[in-house]
Structure formats: structure tokens, C-alpha cells
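Listed below are the residues making up each chain.
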Amino acid sequence: MRICNACRYCEGFCAVFPAMERRMEFGEKDLLYLANLCHDCGECYYSCQYAPPHEFAVHIPQTMAEIRRQTYSEYAWPGALKGLFAHNGLALALGALIAPLLFMTYLYAVAAPGVFFGAHAVADGAFYRVMPHGAMIAVFLLLGIGVAVAFAAGLWRFWRDLGEPLATLFDGKAMQQAIVDAMTLRYLDGGGEGCAYPDEVPSTARRTFHHLTFYGFLFCFAATSVAAVYHNLLGWQAPYALLSVPVVFGTIGGIGLLIGPVGLMWLKIARDPETQDRKQSGMDTTFLAMLFLTSLTGFLLLILRESSAMGVVLAIHLGIVAGLFITMPYGKFVHAIYRSAALVLNALEKRRPVKLPVGEI
Amino acid sequence: MDPNQLYDVLIVGGGNAALCAAITARQAGASVIVLEAAPKHFRGGNSRHTRNFRCMHDAPADVLTDSYGENEYWEDLLKVTAGHTDEKLARMVIRQTSECRPWMRAHGARFQPSLGGTLHLSRTNAFFLGGGKALLNGYYRAAERMGIEIEYNAEVNELNFRDGRFHSAVVVRKGFTEVVRAKTLVAAAGGFQANIEWLRSAWGEAANNFLIRGTPYDNGHILRLLMNQGARTVSDPTQCHCVAIDARAPRFDGGIITRVDCVSLGITVNQHAQRFYDEGEDFWPKRYAIWGRLVAQQPGQIAYTIIDSQAMGGFMPPVFPPIQARSLRELADALKLDPQALERTVAEYNAAVRPGKFDHAILDNCSTEDLQPAKSHWALRIERPPYYAYPLRPGITFTYLGVAVNERAEVCFEENRKLDNVFAAGEIMAGNILGKGYLAGLGMAIGTVFGRIAGEEAARRAHA
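Residue numbers (numbering that gives the first Met the number 0), protein chains in the order written: chain A, 0 to 360; chain B, 0 to 463.
Treat the hints with caution; some may be incorrect.
Derived lysine-lysine pairs resembling DSSO-like cross-links, with alpha carbons at most 30 Å apart [said to hold, decoys possible]:
| id | chain 1 | residue 1 | chain 2 | residue 2 |
| --- | --- | --- | --- | --- |
| 1 | A | Lys278 | A | Lys81 |
| 2 | B | Lys87 | B | Lys356 |
| 3 | B | Lys285 | B | Lys173 |
| 4 | B | Lys39 | A | Lys267 |
| 5 | B | Lys285 | B | Lys39 |
| 6 | A | Lys278 | B | Lys39 |
Simulated from the structure, these hints should not be mistaken for lab results.
Chain B on its own, in the form it takes in the complex (with noise of 0.2 Å):
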């Protein structure tokens, strides 16, 4: 970090958005720094916990079967965000998902065939080599390789704006703050997911019983400085990747791991011990995403998915092991929730159970008949002990409200002013196109194909 360098383009930022531009305006000719707030142990952002790149393919291709167009994406984009989309640029993200292999493979990205649990998602997804943080070691050594600076533990605290556009960068580093000079800005600096007070802004105090998924850095500071400038924003506070995840997952940065995946065989209560949602309503993938804001909407913000011995060894394991009990009473009692409620939602649930042929592949034909909230699939009776509870709660991977961009990846302001050297890569702009929802793989894709528009055209305004 040179104070007196005047540099093409400063990255704030060092997830895979942010490295997709730095090496791409690398590559073409410009010089490029890149601030990580984060040390490097924790360096990447949210990609250190992703896994796959959603990818739009014509035909059977490397690491992907079968074929996934355009319209069939655009089609499950749709559904997800039921309409808090951008066409025009998701359809740019989508079309251009498809060419993004050969250019990740060529900087350190590396792909494995999909195996054991995840087979019948590789017809729509790329999965990494060991995963995102494998992906990430990949582009940082890549990048450094090209000559790229890159400061860990950096935290940009100020934008300075001068003349209407982007000047310089305040950057606090092992307690001493220097400023960098940049010719252009892509601020790739994530969500606000971790940052709690702009949460209960948002949520009031419930947010308080949320639990950050993601990384502990994205505190949406960068987010907000733009949005001081005047930047329009998308989506809103409230839209999130949230989805149930055990209750026991550390306050932040529990990943995959905390997951729970077996809400579609049993039934989840809340505390008062009474089911609020269908179940069963569709394929985990499908509504898995939905199910953190459905337990953020209860009080408490806490529910318990509880399974019987028949449906136990289903699903993946989870790492934290389900409390047990041999009776529903026990089980009430662990989990302190009222007895004989609970017993009498499980027997309302097991009287209204309709005998059917359970294949938990399909959506088969077990269901619920006249029980207010239904289970249309997989619905079995819960009667053989032992019981088992898994506790949840909202688990926040990232943040949807980000700034405006267009197809250029620039930065759109209020009022129609002019700030031509600002760029936005990655989950600070995602909502651009994810408004609402989610879908596997998403976040990547944004991040690689955004990342690199930026990059090219940020080294691209630095040369003019």
C-alpha cells in the first residue's frame, strides 16, 4: 500500500467478486490494489463458505450433464424472487454464467465432478474443488502472481468524493490509517449481514436472535458510504439469504454446517408448540431458503423440527446431535415447551395423516387432511420413540439490499449526477438481481460475472 502511488483501480473487498476484478483489471494493464478487511486466515468474504457457480450450459459440458439454457434459469430465477429481479441484467448474468469456466479454470479455479450427496445438482451447478475457500487460495495466488497488491486486516473507514466522482480511500491498518488513491473504485465489500444494529433496524428486536452465517466482516460500512453519496439502492433491509439453521451454530460464521436438513420429514413447531407452515410444501432445496424468515417471524425466534426413529438417518447429519427423549412429554420437557401442547399437535398431525407410499425422491402421495397448516408430502405419522428435536433459528448468509447498477457494473446515482469512476461487484449489488429468495449457486454468479465487468471497466475508465 503506497500513499504516494496514484493506483488504476482500488478494490475494497476480497471475496470472489472483488478478486474476479482485480485479476481482470490486471489483465488489462491496469494497476490494482486490493483492501481485505479481514486477516488473511479469513480472507474471501462469504466465498470462503460457498460451494458451487450456477451455470447456464447448452449441452453436457466438463463438470456439468445434461443441459441448463437460458430459460430454464431465467424460469427458477423467477420463481425464487417471485419478480424482485432485473431481467435485463439477470439475463446478462445468465447468458454469461456459461463462458465463465475456462477463464475461472485458467486463474487457479479448479472443479470436481459432482459426487456422493449433491448428484442431482450437477445439471445446474459447478462445484469447486474443496470448495469456495479452495477457489479463493486459487484467484489470491493468481493474483498475486499478476502483481497485485493485496493489504489484509485493511478497513476502509472514508470514500473521499471530489468534483462529483471517486478520489481516495481512508484505510485504517494495524491502527494507523493511511489514505490510497485510486482512479476508479469497485467496492466488492459484501452485505450487512454482521452488522447488528443496521439488522434491527430492519427487524426490530428480533434481530437480536439472529445468528450470522457468513462472515463476521460484512458490516455494510462501504454499503452505507455509498449510499451517503446518494447511490440508489435496491431490494430492502429486510431480504436476506436466511434460512433455518440449528439453534447451537455460533453468533457467526458457522457455514454449511449448521444446517438442518430435515424439516420436510417431521413436523416444526414453534413455542408454543404449534406447526406454522407446510412442511412438506415442495423439495428442501426448493423451500429451504424460505424457512429462516418463516422462524424469524415467530416469537422468540425459535422453533424445533421433531422427527420420530422412522425418519432418523434420512437426511444429512448435522453436526450437532438431536436432543433425544423417549417420550413426546420428555422431549417437551427438554425442550421446554408446554406437554400436553405438544401432545396434542402431534396427535391433531398424526389424526390427520392419510395413509400413502412415502418416497421422500418424489413428492409423493403422503399427506395431511384437514389440519390447518397441511403437510402435502412426506407426512408420516409421529409415534415410534425415540423422538428427536432440532432446535432453530434464523441464520443469515447475506444481505439483498445493495446498490443499483447497470449492465456496466457502475454505480447508479441519485438525481441522474454523473460519478463515472465507481463500480459495484458482487453481494453489495446482488440485489440488483436477487431481490428476494434464493437459488443455489446465485451468489457466484453474480459475483464472478459482475466482478469481472467491473474490473474490465474500471481498468477500462482509468485508461481513458
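Chain A with its partners taken away, still in its complex shape (with noise of 0.2 Å):
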């Protein structure tokens, strides 16, 4: 970090850089900040005259995946659970697999016989004759409230060991900054013409399959939002028909859901290893191979709604859903999470005045 503090030809690219000229020492607060700050796009390790295999070796794509998979692991709350990201083949069986395999058992049990296997017309109330509203609910509440504390807490943590006081978080205008950062993928620009993502070639790929991702899955939690207000406020019941609002939305989100983590995954495999953290793989194939799952059982549960195999679909359905819900918080998801937080400080840091020196040349 003092290599690229001196050398600062790297401040084009990114935050990462400029941030780093903001200091002269590099603690471990500085470090868990810049790391989580870094898009992992690779153009510095392409750009760097001292990247290996020169003497010294400067590496920071690989430098800053490795604190950052710490930094998930750390901050993840329970702390017990802090193992899953090291095994996170295990969540996406546990996901996958158990999560479906219980609601189905769970479903087959409850369901009066001959619904479980039954035709469907799509009438109101289809998918509650299977599973009943208010145990649905209930679930999927469960899980939101868990999730939801368990990002919470990373956050504060992560926040307070940033060296931060709680209010400099909800700063209305680095807020503000930080999401359109994040929105429109600012830092995975490389300066107009892309990354060096999946090798040295700057291209826009990684950026659009990773808005395809992360809008395909805003598209889909604003369909559950709409069906949320249409049953418990306007009292219509799912499932809705083909052109409604809340199946548009789901059907555009889960386009996006299939053709973004399969974009994300092809790129994984193409990249440069050099500038891969393998020991990330895992983590990341998982979240993706979740991500996908959830789309394409919802897009099977449309098709096959009203034949006899609803019941079984939905089963899956519901708990690939909970099975992503319940793997977030000790998956890649959270670097939403720490990678937001770090946009917030950005933008705070760049408000604040710096007392550092400027260089000659």
C-alpha cells in the first residue's frame, strides 16, 4: 500500500486509490476499508509495473479479496455461523436441497389429500389451497426478521470498526452518493471502457451481467411487494394472471436472474487466474447457483401452475427462496452489505478536508 501510496498512477481507476492518498499509515481499519471499497475489476493488476513477477510483487486485486473474505466471515452474526462461508457448498445443499425437500415434506403432510398432486385452475387462492397463507407468511416473515438482524448487526460492527460513530452512517447525503455509486456500478467503469474483468481486455461485461443480477433481483422482491399490497390490502389472492403487475415484474427480474449469474459464472471461469482468490470461488458459485435456482423454479411454478405438478413446484420454489434467505447472510451477498458502507465513508471522506501533502512529480 506505501508502493501504491508513492506511485499513484493507479488513481484513475477507482475510490480505492484516491481513498488511499487520504492516508499515510495503513491500519487494519484503513485496510478492512479500501478492501471492502475495492470492485475487484483487475485494472490495477494489469496496469502495475510492479506486479509479480517483479521484486515487489504488488498485488492488490488478490491482497483485497483476501481481507474481504475475512471481513464477510468476521462480522458475520451469529459469530457461530462464521464457518458456513468457509463451506459454503454445504449451504448451497442446505439451500437447495433441504430447504426444499422440508417444504415439501412439510406441505405433503399438512395438504389434504389429492391437493398436493392435484390440477390447479389458476382461481384465487391456488398456491394457498397448498400452502396456507398465514403459514407462508409466517415463514417467510421468520426468515426476513433473521436476515434482516443478522445484516444489521454485521453492519454495525463493521461500521463501528471502521472507526465510525453510528450517526455518520445514516448521513443523508453520503447516503445518497453511495447508492447511485452503487446503483450504476460507478467504480466498475475503468475510467469509460470497462474492466480488465474476466482478463486485460477492458470490457463492460462483469458490469452488465451484475446490473442484469442485482436488477433482475429488485424487480422480483418489488413483484413480491406488489403481491404483498394486492393480498393483505386489495385482498386479491395469488396466483395472478399472466399480465398482471406483480407477475410482469417477477417475469422481468427473473430474466434477469437467469441470464446475470450465468454471465457472472462464465466470467468466473474465463477470468485470469492470477487475478482470482479460489478460495472465494465457492462462496460466490454458490450465491449465483442460488440466485438462478430461484429464478428458474419461479418461471417452472408459472408454467406449470395449473397442471399437477404445482404442488411439488411450489414446494421447491418456496424453499429455494428460503434456502437464499437463509444462506445471505454467510454468503457473497453481504458484500452488498460492507461494499454500500464503504461507499457511504468514501463519500463522507471526500466532504471531509484532508491535510496530506500533494506531489511534485
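Both chains come to you apart, so use the hints to assemble them.
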């Protein structure tokens, strides 16, 4: 980091290097901050005159990835589940197999004979004949609260360790800037032509696939929210018509969640092994797989909702969604939390006066 | 690399000038091969360590602010070279720098708006996004796309001439010797700074203490081969881009991070604890390039910049930590200097400092009175412990001794011998324009302009 600070050739790439320049010393909290601000684009590695095999062997993407991986596990809450970061394959099994199986067993057990394997018309409440609305709400509300608490606990401890009081996290202007930065992936543009991902050639592929994934997720979330309003405020019961708002939102989001994760996975496989943090690939892969499966089973449910397979598919879909929720605080999703917090701090720091020397050349 | 093919243009070297020549020649329809002596990871010669391009412009343009006209550029060059330049070639380079940026962009160069510590340079210099290695990566990608053949680890050992013309090159690659034939040759293989023997023949034993800041692959072999053929030379072997860098830097390839930026804030003494030059003569960018030579002339080629806690933090953070002590005596011990001599030097300096208003951003009125050598600006007493020192050694980026060229980048030979298919670009001929001193971003300007000219002329000659 001292080498970077003395060189500064990369300062045009992203927020990490200007943030380095605001510091003379690099303690633990600085590394924590910088690593989570890093978007892992690879530009600085390919541009670095001191990258290995140079004797200085500067490798920022790799160093940052390692610190991030430690961050994710260290701030996991409850702490007993830290280990899941090291065994994300287990989490995948839990999310993609065990949760659907549990749902299926449960539904098979509670559903009236003939209902679980029966054919259904898209009549009001077909889903709830398989799984009572109250039960569905109860399961997901509990999961949602649990996940939210886990995120909040991690975020709070992370923010505290960055050396910031809670109040600054809620600074309106900084938050607004961070949201814009996150929504646009501002620091994945490599100065306009995209980043060196998956290899040296600047490309916007990662940004595009990430956008598809992220906005796909948001659309699906919006679909669920609209559906909740329909059900609870307007009394309209799912399933909804193909051209209804929740289904259209869900379809758009679902397409994003089919293409985005596959694209990101493909980029991951294609990525230059020099810049990969292999220890992290389990976590990345698991999360992408869960998003993809969520979308896939959602579409299957849409197609098969009038057939006798509906009960099974609904159970699988709900199981996968539940699995996704359960594994979120212990997988790659958490990067969104810590990166956003780092972006807030970046926005704050940019406003704070810096008393540091400027260079000559 | 095909021993049976007769290439139109053979380019020896793999830095900025070489790539500019290769791309231009290929654009003109020539078949081109580039022989880079370094492995792929270290390709690009000293261009890897560069950051910007000094650029004439008459009005604010993309990444450049204000204006920087031909005459101002020329005056700046005249100042640093003290007349050791060829005005015709220099003005040609200066004028052409104003037209280079769109061409550079079209072939993979990316520029950045000037940020942070270098704001005051955005008037004269265009900065590469990510620096010189990023620029070179872009050029190499463009070259590969265009079908230019590139060979790494390809060291040219001999140049064969027949009937008074370049005929072929003998290349050693992975232990095998091959011959590459081409209609024209562009020599863009850099200076000789990594050749310590050669440096020693110019500087004597002092060269043993030089650190080579630039690429270890510039051994001057091509320059020597052309000189053996009777190429006329410019500048002299002691002239080079030679700055004072941290003595703890690696022997080769340390690049930008080895610089020490605080010379103008303190005093600098030699191994007898004596000052030897006015540290506050002018702004650091202007004086930066002379300190390497100054240190090279000191016994043992070593010097120490000494500051106190007042000055600490007022300059670019160097990569090597300062040597720190609570008293001057302790500092002298750590530096193996005579403590009494150091204390005396500092005391004399402190006594000569006249009160003034310190301002590092202007030529302020803090100076010494009746002191030899004087410190003209930014003279503050060194009196507040802890004291800090940075050891300095001469750091050579590139040498200026090169082949003489004309405005078509043709290498000029003695006795008006006609050798009409040999061209040169980059450091190997930069001495025509930069015979002495240095201007930030000028090396890249010469390389880009002459690289393009050499490529174009070589392609034209090959097709003639």
C-alpha cells in the first residue's frame, strides 16, 4: 500500500486509490475499508509496473479479496455461523436441497389428500390451498426478520471497526451518493471503457451481468412487494394473471436472474487465474446458483401452475427462496452490505478536509 | 517469427516508440515484426514506468487545461537543455504532439483527467489512465489485432548489413539463434543505462554506485551495433535522466516509487556531512532532474536529505521509511556520519536562516544569508526533533547518447554513407532533442512522434 501511495498511477481507476492517498498509514481499519471499497475489477493489476514477477510483487486485487473474505466471515452474525463462509458448498446443499425437501415434506403432510398432487386452475388462492397463507407469511416473515437482524448486526460491527460513529452511517448526502454509486456500479467502468475483467482487455461484461443480476433481484423483490399489497390491502389472492403487475415484474426480474448469474459465472470461469481468489469461488458460485435456481423454479411454477406438478414445484420454489434467505448472511450477498457501507464512508471522506501533502511528480 | 519471410519492417524494441512505429507501419500496409528482448511481463522498456505525455495545445482540450503553445514548450526545453538540442527536430516534435492524442486513443491509449497530487501538471501534460504499462497494454492489444507479429524474449545480437543497407538481424530466443530478414529496420531499443560496463567507461568507478531506475533490458546493444556501422552520435555518454532516488531502492527497475520529494524542504549533505548545493534553488519539478548528477559527483555517490518534524508530512510519502532519531547526534550515528560535522553544518545553516513567511507553493522569502552554498527558498531551521533522513543515490532512468537522425527518422551515418533503410525512434535517438536535463513527459513525446514517423517512413521505403 505504501508502494501504491508513492506511485499513484492507478488513481484514475476507482475510489480505492484516491482513498489511499488520503492516508499516510495503513492500519487494520484502513485495510478493512479499502478492501471493501475495491470492486475487484483487475485494472490495477494489469497496469501495475510492480505486479509479479516484479520483485515488489504488488497484487492489489488478490490482497483485497483476501481481506474481504476475512471481513465477511468475521462480521457474520451470529458468530457461530462464521464457518459457513468456508463451507459454502454445504450452504448450497442446505439451500437448494434440504429446504425444498423440508417444504415438500411439510406440505405433503399438511395438505388435504389430493391437493398436493392435484391439478389446479388459476383460481383465487390456488397456492394457498397447498400452503396456507398464514403459514407462508409466518415462515418468510421469520426468515426475513432473522436475515435483517443478521445484516444489521454485521453492518453495525463493521461500521464501528471502521472507526465511525453510528450517526455518520445515516448521513443523508453520503447515503445518497453511495446509493447512486452502487446502483450504477460507478467504479466498474474503468474510466469509461469498462474493466479488465475477466482478463486484461477492458470490457463492460461484468458490469452488464451484475446489473442484470442486481436489477433482476430488485424486480423480483418488487413483484413480491406488490403481491403483498394486492393480498393484504386489496384482498386479491395469488396466483395472478400473466399480465398482472407482480407477474410482469417477476418475469422481467426472473429473466435478469437467469442471464445475470450465468454470465457472472461464465466470467468467473474465464477469469485470468492470476487475479482469482480461489478460496472465494465456493461462496460466489453458491450465491449465483441460488439466484439462478430461484428464478428457474419461479418460471417453472409459472408454467406448471395449472398442472398436477404445481404442488411439488411450489414447494421447491418456496424451499429455494427460503434457502436463499437463510444463506444470504453467510454468503456472497454480504458484499452488498459492506461495499455499500464503504461507499458511504468514501462519500463522507471526500467531503472531509484532508491535510495531506500534494506531490510534485 | 518466420525465417523464410522477408518482412517489410523489422522493429527492434518493445516500448512506446517501437509500438507507435509498428502500428503506423502496419496501417500503411506493411508486414511488421516486433522483437522485444524482455519477457511479456516486463515488455515495454521504460515506457512501463512513465505516466504522461507533454503536449502542446492552443486551447483547453479534453484532459488538458488552459493552453501550452509551441514557444512556451520550446522555451522550457531550451532552459533544461541549455541549448543541447536540435531546434528543427525539437519544434517538429513539439508541433506534432498537439495532434497525437486522437491517434493514441484510437489505438488503445486511455487518458485520465488529472487528479490529486498532479493537478498543476494538467496544463502541460496528458496523463495515461493507469500509467505507462496500461498504455502499452492498449498498444499491444491494438498491434495484435492488426496482425503485427510480436516476439518476446527476442534479443537481437547482430545486425547484418549488405551492400551498404540493412539486410537482416540475428535473434536469440529461448537459446536458439534465428535470422530475421526485413526490407527496413526501425531501431527503438532504448538507451544503454542497464549496461554498467558502458556506464563505467563514461563515469568511472562512480558508476558502481548508480541505481538503474529504468528497465534492466536496455543494454545499449543496438546502439552499439549502429555505432559500429558508423552511425553518427549525439549527446555524450554521461548525459542522462539522472535523479536522486532513495539509496535503498533495488538495483534495477525501481521506477517512480524510488523518488524522494523532500530535498527542497531540508538540507542535503554528503558523507562528510557537508552541504553541496542550494536545495531551495527553484521548484522541485524544475530541480528534480539535476540532483542525480549532483549526488553522482559526491564522494561515494551518496547523500542524505535531513529534515525535522516541521517538514515531515509536507511531501509525497516515499515508499521507504525515513531514518529517524531524537537528536542530530543520534541521526549522525545512524547514518555513519561524523556527529560533530553534522551538528556544525546544521548549526551554521540554522544561524544563517533569515525569518520569512514559509510557503512551499511559491518561491517564498525564507532564505539563508551569508551561507555557502545558500538555500534560496523554504529555508526553515532544523531544530524540532525528531529528525529524519533519507539516503540518496543517483538513479538513472535513461541515457542520452544516441544516434543522430533527420526529420524523417533516418539514422545519419558518417562520411555521408547512404544506408537508406535504417530508422530510429525513442530513447535511442532522444538525445537529438534532449541532450541534457529533462522535462516531464518529453521522452514519451519524442517516442510517440518519432515512432510514428519512423513507422510511416519505413513502410514507404519497404514499398518503394
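Okay, the hints, checked on the actual structure:
1. Lys278/A - Lys81/A: OK: Lys278/A and Lys81/A at ~15 Å, within 30 Å.
2. Lys87/B - Lys356/B: 44 Å, violated
3. Lys285/B - Lys173/B: Violated, at about 44 Å.
4. Lys39/B - Lys267/A: 24 Å, holds
5. Lys285/B - Lys39/B: It is violated: about 34 Å lies between the C-alpha atoms, which goes past 30 Å.
6. Lys278/A - Lys39/B: Holds, at roughly 28 Å.
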